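With the hints as extra help, turn the sequences into a complete structure.
Plus 24 on top of the position in the sequence shown (first one is 1) and you've got my numbering.
What the hints contain is simulated information worked out from the structure, not anything from laboratory work. On a predicted model such as this, the values are computed, not experimentally measured, just so you know.
Straight-line Cα separation of at most 30 Å, DSBU-like style, residue types lysine-lysine; simulated pairs: (1) K107 with K134; (2) K99 with K34; (3) K134 with K34; (4) K134 with K99; (5) K28 with K130; (6) K130 with K107; (7) K34 with K107; (8) K130 with K99; (9) K94 with K34; (10) K107 with K94; (11) K94 with K28; (12) K28 with K134; (13) K130 with K34; (14) K28 with K99; (15) K130 with K94; (16) K94 with K134.
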Amino acid sequence: MSLKIVVTVKYVPDATGDRHFAADLTVDRDDVDGLLSELDEYAVEQALQIADEADDAEITVLTVGPEDAKDALRKALSMGADKAVHVEDDDLHGTDAIGTSLVLAKAIEKAGYDLVISG
25 MSLKIVVTVK YVPDATGDRH FAADLTVDRD DVDGLLSELD EYAVEQALQI
75 ADEADDAEIT VLTVGPEDAK DALRKALSMG ADKAVHVEDD DLHGTDAIGT
125 SLVLAKAIEK AGYDLVISG
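Here you go:
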């Protein structure tokens, strides 16, 4: 039986760029490059180490966010993750940490992962 590992990842604005807020008080990401959170890179690396030691493991990276969040998934896939899942919904725009965590929890529960790793 394969060990199903999921790593939650986040697409974050590059800290070296200028940040502005939109009229709805969310971060305006239009003029700022984004990237995979450094802490989430560590989480992906940890999952890869665990998978190397397991007989049979599959790593999925999971994110909630706008279209650009796919860049974070691509980075995680290039690091060695096997699959990527992107939850994207306009109704989630501006969602706080609690709302995002509830969406992540439902996606994780639905897929039935054995191990959840977060950065």
